[in-house]
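Heads up: the protein sequence lines correspond to chains A and B, in order.
For the first sequence, the numbering used here assigns the number 1 to the initial residue and increments by one for each residue that follows.
For the second sequence, the numbering used here assigns the number 1 to the initial residue and increments by one for each residue that follows.
Some hints could be false.
[To be verified] Covered stretches of chain B (in silico footprint by chain A; criterion: 3 or more residues with CB under 8 Å from a CB of chain A, positions within the stretch not fixed):
hint, region
1, 32-43
2, 58-72
3, 107-117
4, 198-206
Read the hints as simulated data drawn from the structure, not as lab findings.
Glycine is no exception: its CB is placed at the ideal position from the N, C-alpha and C atoms.
Here is how the chains run, residue by residue.
There are 2 protein chains.
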Amino acid sequence: MRIAVVAPSCRLTEEAAERVHSIAARRGDCEIVIHPQCFLSDGHFAGPDEARFAALREVMADPGFDAVWFARGGYGSNRIAEAALAEMPEEAWRKVYLGYSDAGFLHAGFHKAGLEVAWGPMPQDVVRASGEAAVNRALDWLVRRDPAALEPGLDGPAMAFNLTVLSNLLGTPLEPNFSGVDLLIEDVGEHLYRIDRSMFHVTASPAIRKVRRIRLGRVADVLPNDPAFACDETAIVESWCRRSGIQFGGLADIGHDARNRVVPFPARND
Amino acid sequence: MRIAVVAPSCRLTEEAAERVHSIAARRGDCEIVIHPQCFLSDGHFAGPDEARFAALREVMADPGFDAVWFARGGYGSNRIAEAALAEMPEEAWRKVYLGYSDAGFLHAGFHKAGLEVAWGPMPQDVVRASGEAAVNRALDWLVRRDPAALEPGLDGPAMAFNLTVLSNLLGTPLEPNFSGVDLLIEDVGEHLYRIDRSMFHVTASPAIRKVRRIRLGRVADVLPNDPAFACDETAIVESWCRRSGIQFGGLADIGHDARNRVVPFPARND
Numbered sequence: 001m002r003i004a005v006v007a008p009s010c011r012l013t014e015e016a017a018e019r020v021h022s023i024a025a026r027r028g029d030c031e032i033v034i035h036p037q038c039f040l041s042d043g044h045f046a047g048p049d050e051a052r053f054a055a056l057r058e059v060m061a062d063p064g065f066d067a068v069w070f071a072r073g074g075y076g077s078n079r080i081a082e083a084a085l086a087e088m089p090e091e092a093w094r095k096v097y098l099g100y101s102d103a104g105f106l107h108a109g110f111h112k113a114g115l116e117v118a119w120g121p122m123p124q125d126v127v128r129a130s131g132e133a134a135v136n137r138a139l140d141w142l143v144r145r146d147p148a149a150l151e152p153g154l155d156g157p158a159m160a161f162n163l164t165v166l167s168n169l170l171g172t173p174l175e176p177n178f179s180g181v182d183l184l185i186e187d188v189g190e191h192l193y194r195i196d197r198s199m200f201h202v203t204a205s206p207a208i209r210k211v212r213r214i215r216l217g218r219v220a221d222v223l224p225n226d227p228a229f230a231c232d233e234t235a236i237v238e239s240w241c242r243r244s245g246i247q248f249g250g251l252a253d254i255g256h257d258a259r260n261r262v263v264p265f266p267a268r269n270d
Numbered sequence: 001m002r003i004a005v006v007a008p009s010c011r012l013t014e015e016a017a018e019r020v021h022s023i024a025a026r027r028g029d030c031e032i033v034i035h036p037q038c039f040l041s042d043g044h045f046a047g048p049d050e051a052r053f054a055a056l057r058e059v060m061a062d063p064g065f066d067a068v069w070f071a072r073g074g075y076g077s078n079r080i081a082e083a084a085l086a087e088m089p090e091e092a093w094r095k096v097y098l099g100y101s102d103a104g105f106l107h108a109g110f111h112k113a114g115l116e117v118a119w120g121p122m123p124q125d126v127v128r129a130s131g132e133a134a135v136n137r138a139l140d141w142l143v144r145r146d147p148a149a150l151e152p153g154l155d156g157p158a159m160a161f162n163l164t165v166l167s168n169l170l171g172t173p174l175e176p177n178f179s180g181v182d183l184l185i186e187d188v189g190e191h192l193y194r195i196d197r198s199m200f201h202v203t204a205s206p207a208i209r210k211v212r213r214i215r216l217g218r219v220a221d222v223l224p225n226d227p228a229f230a231c232d233e234t235a236i237v238e239s240w241c242r243r244s245g246i247q248f249g250g251l252a253d254i255g256h257d258a259r260n261r262v263v264p265f266p267a268r269n270d
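Next up, chain A with everything else stripped away, as it sits in the complex:
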């Protein structure tokens, strides 16, 4: 299997690239081609919008790749997502797209366009503690659809999103059809009042109210709330589910960490 790595958001580090190459060499079941765009730098981003879009479109159009793996999150894929949707090459439908966090903007729009997308670990995760396991999990799923890589509670159509990313794509042309899916959410580096506010926003959306249920992944690196918020993230999510009439489906094994599992989006956009 040939896997292209591009960085629609922030820059991949050279260290991560080398370690991912070593893992692939040891595995021997895949070839990973890291696009040079991954190492560009333009302020916050892995190169200007034009360069990130060009690299993404190039690998989407290249029949030599079976998968497109987003290098890392951060911020910025939303700035090129609409352009990617507007000029979709035919080869794009013959690949799978894997990533999480900020890549959710692309996942949303790509799923809407009928492409095969999945939430899962990314190359930059290799530098986390136990990050090799995360990268191998992603590759196990990409190469042989290993069920052990999947989020263990999946029992029907599902989607996974970073909560803040999800909040910021609702109402945009990227918004996918959430009807009947288990919606898995997680977040990182937010205050609890922001988790509460995002849950208000997300659960008020008529599109989101069509989900089968919401399941909560890890909410990591919560920033201090002054004064203390008085309840935790699980109580926040349960409470907004209750208010909005959405079923709360319990916890999910996803998050900004090396344990993060794979959540394939539904195969077709019905």
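We have chain A already, so just place chain B on it with the hints.
Below, chain B alone, put in the same frame as chain A:
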């Protein structure tokens, strides 16, 4: 004029309350009644949702008040806004509602319901440097609609919102009709990448694309971006206006500071 102060979001400090009372006593043209709910505390909030809602509804229904002044921002008015809309007392239409920041959730829903609302300084602002001027500006407008209190660039229907609050109310039942208005935005305590992301979200909204133009107030206390974002907030807002076909109307004299001016929302919700 009799003005009720309630706190739908966070707690008012006793110091601010005393200083606002002193200002009103010196002015002699208004009576300010600070509801005891303002000093309640429940984690992040000025009392539990039930207490904040009850106080808000009480002053909305009380024919003895000409104005309802929101004590301060923070976070939390969205948690009671829909309840306030669902049980609107008739007296609510005979008052004006003033505040900014998190109060934007109420402004949006109240304007949608046809109430008279305005963006402007709040009681807690009195503790800022030059905060007495801010409070007097708010009272000058409440008591005698002093045009000197107004944002100086207003030349037609206008609304003002904190950008992050605006992003979080789009698509909810609170979303007002933005058609033809000058939309003034500002923000505080955000990273520039978040300003960019919120602008993506807001300008992608079909409802927002109906505004006459967007004007930018102050973006204060910007959190460090690592690496540097490479352009400032004005360039960010101009760029998303250009992308979305919304006219950029230049800068506006609003923000989380003592210079913050008053922006009355359009008198009727057409």
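Quick rundown of the hints versus the structure:
1. 32-43: holds (count 3)
2. 58-72: violated (count 0)
3. 107-117: violated (count 0)
4. 198-206: Our answer is that it holds, as 6 residues pass the Cβ test (under 8 Å) against chain A, meeting three.
This entry does not satisfy hints 2, 3, going by the numbered hints stated previously.
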